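**Student:** Given the structure of chain A, go ahead and fit chain B onto it with the hints provided.
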Amino acid sequence: MHTRRLEGGPAEPGAQHLPDLVRTRLESWYPYQLPSRFRPARRLRAPGLWRPLPLVLAVVLLALLAAASLAGPSRSLTDALVNLAGIRPAATPTAHPQGAVPAGSSDPITSAVSAMEPTRTSAAPSAGPSQPVPAAAGVIPAGSTGGLASASRTITPAPKPRPPSPSASRPLPSSPPSQSSAGRLPAQSALPSEPAPSVAVRVPLSPS
Amino acid sequence: MGISRDIPNPEPEAAGEFELLYEKLRLPVYRIIRGVVLDGPAAEDLTQKTFERAYRRWQRRPASESPAWVYEIAADVTLGHIRRQRWARRPLSRLLQPGSATAAVESASAAERALAALSPEQRLLVVLTFYAQLSEPEVSAILRASPKALAAELERVLGAMRDTLEITDHGAARERLKG
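Protein chains in written order, with our numbering: chain A, 1 to 208; chain B, 1 to 179.
In isolation and in its complexed conformation, chain A is listed as follows:
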């Protein structure tokens, strides 16, 4: 049938019977449960259909990420990041009395950055232990958060905002008084929180 060169003959004399020994032993082996007729197992079609699903999902995800990166950072994403960072955009109006923040800016990023700036700049020119307190009061939103937070802040520093207000009005003379008052309009909601006693004093003065 076939050439059997490998079996041609063991060189060692003691191993001459080994091929017959192995062949005889193997021919005595019979399977117990191996079926006598071949029945091919049916292969399921469904796995073939669902196989590329992870690849398709990965491609769709990559396409979405690429589209998002090409479109640039969205506004809502920036807002969410700013909120997650703990920087509140409502701090903008309270920074107005310091005179370093434009009150009309409504961009959350610029307002958040400008809210950070007064805390740095106000600490530098003003000396004395009373200066950090108004700076901290400026960061907290006064108008939007209601009176509770502002009331707690205005108890101690109530007499103190008076001295910084003239110093804070130094940058204002560059602009006309009408514009400055117009610019402060959105920020006036924050005014009653800080100088609450002073407003009570002004009310009788204005009719006179």
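Heads up, some of the hints might be wrong.
[Unchecked claim] Per the computed footprint, the stretches of chain A lying under chain B, defined by three or more beta-carbons under 8 Å from a beta-carbon of chain B, are: (1) 21-29; (2) 32-40.
[Unchecked claim] Derived Cβ-Cβ restraints for the label pairs, each shown as a range: (3) B:S119 with A:R51: 35 to 41 Å; (4) B:E17 with A:A63: 28 to 34 Å; (5) A:W29 with B:W87: 43 to 49 Å; (6) A:L70 with B:G80: 23 to 29 Å; (7) B:R57 with A:L53: 23 to 29 Å.
The set of hints was computed from the structure by calculation and includes no laboratory data.
All values derive from a computational prediction rather than experimental measurement.
Built from N, CA and C at the ideal position, the CB exists for glycine as well.
**Tutor:** Chain B only, in chain A's frame:
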């Protein structure tokens, strides 16, 4: 029984002709696999896997007349099974080394003890050469080795088998080998 494949057959005819091939090669494939794994139930499972794979290949392309292609699939299936077992039983890998299986087949025949002293690849060489009686190129193709290297390996294998039988067999096998 001539099994010539020139064109792919339709499904029912191919299945029928493959069934003839299965009937012809069922026992040889089982014995070859059992001669390597030395385990009857495992050999039956591996025989089933072998013919499943052979059937898929049969459907894809024509097969040669020689049964060597089925034996090649059986060798791949068997050696793959043994490799997976080695990885699965890594801490017990020393028990699967050649020679250590001799104690497990203490009550087996002389041929089984001699085979158990070999590595699975060496057992496959012995079984394909002595039992399946494949030609030298066919064995070389299945084991992916040169005929010269296979001849040298076979000499070593026979020497190891003889030594095993001399050591472990105290009865008729020694008489046969030395007589």
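**Student:** Broken hints, numbered, in rising order?
**Tutor:** Of the numbered hints given earlier, those the structure breaks are 4, 5 and 6, listed in rising order.
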